[in-house]
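Asker: Those sequence lines, one after another, are chains A and B. Residue 272 in full-length UniProt numbering sits at position 272 of the first sequence; the count goes up by one each step and never skips. Residue 47 in full-length UniProt numbering sits at position 47 of the second sequence; the count goes up by one each step and never skips.
Please keep in mind that the hints were generated in silico from the structure rather than gathered at the bench. By construction, the Cβ of each residue, glycine as well, lies at the ideal position given by its N, Cα and C atoms. Do not take every clue at face value.
What the hints assert, rightly or not - Subject to a maximum C-alpha distance of 25 angstroms in a straight line, what follows is the list of computed SDA-like cross-link-like pairs (lysine to any residue):
(1) B:K238 to A:G181
(2) B:K238 to B:Q205
(3) B:K116 to A:Q312
(4) A:K292 to B:I110
(5) A:K292 to B:G109
(6) B:K197 to A:H408
(7) B:K116 to B:K238
(8) A:K336 to A:D22
Unchecked claim - Facing chain B, according to a computed beta carbon distance under 10 angstroms, are these residues of chain A, among others:
(9) L99
(10) L163
(11) E191
(12) G296
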Amino acid sequence: MPDASTAPNVASETTARYNAPDDTGHFGPYGGAFVPEILVPVLEELREAYAEAQADPAFDAEYRTLLREYVGRPTPLSFCDRLTDYYGGAKIYAKREDLCHTGAHKINNTIGQILLARRMGKTRIIAETGAGQHGVATATVCAKFGMDCIVFMGEEDMERQRLNVERMELMGAEVRPALSGSRTLKDATNEAIRDWVSNPDDTFYIIGSVVGPHPYPMMVRNFHRVIGDETRAQLREHEGRETPDAVVACVGGGSNAMGIFYPYIEDEAVRLIGVEAAGEGLNGRHAATLSKGTPGVLHGAMSYLLQDTGGQVEIAHSISAGLDYPGIGPEHSHLKDTGRVEYVSATDTEAMDGVRVLSEQEGIIPALETAHAMAPMQRLAREIGPDGIIVFNCSGRGDKDMQTIAKHR
Amino acid sequence: MSRLSDTLAACRAQGTPAMGLFTTNGFPHPDATVPVLHAIDDGGADFIELGMPFSDPLAEGLPIQRSSARALSHGVKMDDAFDTAASFRKGSDTPVLLMGYINPVLQYGIERFCTKAANAGVDGLILPDVPPEEATLLTEHAQAAGLDLVFLIAPNSSDARIQRVDELATGFVYAVSVTGLTGSRLDGRGAVQSYLKRARGLVTQNPLLVGFGIATHEDAQELSQHTDGFIVGSALIKEIEACWDDDTLSDADRYARIRQFAHALKHGDAVAAGSNPAE
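Produce the complete structure using the sequences and hints provided.
Answerer: This is how it looks when you write it as structure tokens:
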């Protein structure tokens with residue numbers, strides 16, 4: 001089969017006309033680099049190093065090799081026959097990022113960033129984590145590359161996700177509790193940035209989503225576009241066409257969604273649908289940044305943000321710790337405003353239903369984050385009809401969530 | 001010339017380092033902020049930085065984080081900063097700068113924010129998460145309102161960068177002493193001095209002030225060798241915290257101690273207890 005994982009990690013013809021971000025890292029009015037002066041030269045060094053790496057075939061070759069030999073790519077594109085029958089409409093395919101090493105798509109990005117860190121001569125890696133999936137993916141590559149690893153994690157999340165803390169520590173990472181604010185992902189990110197400001201020379205910050213100051217949103221997207229590139233090639237194999245009628249992905253910070261959306265942005269006939277976490281409902285506690293937020297600046301970038309009228313950042317809520325973030329990647333804000341991507345939301349209850357349906361119909365226990373992408377499936381499958389195709393990004397597996405799932409069954 | 005520029009020029013003419021003191025609006029309590037400002041003004045502050053609290057102050061060390069959280073717990077809003085500045089301004093000509101993060105300013109509306117600040121007697125702005133590259137959204141409005149816009153440099157800023165910041169800044173250039181957060185320890189003083197000496201040679205259009213980690217008169221004297229003055233924040237916040245957390249002190253005792261703290265920072269000795277220069 002045509003193997004997209006051997007394609008170079010540069011813009012393909014399909015995305016040639018979509019040209020965001022601009023040179024200063026702005027996606028329309030969003031993005032940029034709102035950072036303390038100490039980080040300005042650090043980000044400049046990173047931009048230059050990343051540009052050089054992108055132009056270096058040896059860098060791409062090593063990245064591709066690791067994705068194949070270590071991560072286990074390409075991940076399958078599984079036809080979900082029983083799920084298709086269950087909804088009685090369009091054919092549904094799952095892009096199986098849950099089968100990546102460590103159990104989620106996150107490692108595509110940590111592999112790319114640690115190669116860059118090594119290239120830049122950095123020896124100390126820091127990261128933030130919410131549910132712990134990005135923390136585990138970072139601890140994993142640090143063990144593989146023999147680098148020091150410090151993962152900042154909200155004290156609340158450390159209790160909720162004890163298993164992932166154990167995994168990180170087993171691989172030699174130090175997990176540092178973030179004790180400030182709400183003691184969740186937002187605060188872990190604050191602590192990681194504070195560490196970075198204090199150690200700009202030897203430290204590389206592996207950001208876990210398409211958020212943060214330029215060049216992170218662009219770089220993390222590019223390290224995840226392999227998801228969409230493979231999907232195109234695999235769908236051609238299965239269906240004789242690269243483009244489905246719709247692509248669905250959950251959105252917290254938005255990395256798995258950008259990874260699968262990006263190679264389809266120029267194919268205007270492909271509906272791209274992002275599903276945010278509506279928590280207890282859009283009028284209660286939620287994490288639906290695009291549906292209910294307003295533009296603002298958090299963690300170095302302008303983007304939609306959950307905040308009060310005074311500009312204080314609000315605390316997000318979702319049953320899934322990985323979507324529990326009051327911000328979102330700036331590119332998603334741009335794609336919302338331009339209308340290229342449709343953003344909808346799914347409540348905690350709908351996510352639990354998604355876990356049940358996918359488990360019962362396909363024998364795939366998805367992560368709670370991933371399960372949000374199931375919420376619009378019935379409506380979409382019927383709207384699109386039996387001649388059409390839907391691909392959803394099965395971004396992670398649900399083992400880490402079994403306690404929460406068991407409690408809600 | 002702005003009130004801030006005049007003040008800094010006067011300090012320079014006298015050969016004394018200018019002292020800027022930072023405290024957070026609404027800290028330790030909304031009712032205490034204006035009297036605290038008067039106390040540090042009486043203690044010898046040449047200008048004041050009034051912090052606008054933010055939920056996610058990512059360049060701050062623990063003392064200023066705590067002061068911000070404490071202010072927000074009292075429900076402090078942006079308009080309260082203008083009220084504080086206006087109230088202080090009735091009793092003092094000491095320049096006041098508002099310092100904080102861009103997001104609350106954005107939500108308030110940049111133009112409206114600049115106009116209100118100027119009307120409240122504010123002289124300038126310091127927004128540490130807005131480097132020159134992102135500042136285009138505010139320069140015009142700040143200028144129209146007559147507000148100075150201070151930018152920062154850091155030990156890892158290149159020569160060209162420092163010169164560029166000097167060109168864009170008005171009021172002064174703020175040299176962050178160490179690569180770290182506010183309230184960091186001043187480690188490697190030799191390196192700090194050589195960086196400040198380098199900056200001194202490159203900053204030609206503005207006064208150069210140094211801040212971050214300065215906790216004592218001795219720190220201030222040492223770091224002012226190559227600068228026009230210094231800024232103290234975290235150490236003052238810790239002193240205020242200690243005073244207000246001590247239930248045995250009366251409010252009068254507390255303001256007197258804050259005044260003495262400011263005086264000692266500038267002059268190296270405390271004013272005699274009870275001698276209030278305002279009396």
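Asker: Taking the numbered hints from earlier one at a time, note which ones the structure violates and give those numbers from smallest to largest.
Answerer: 2, 6, 7, 9, 10
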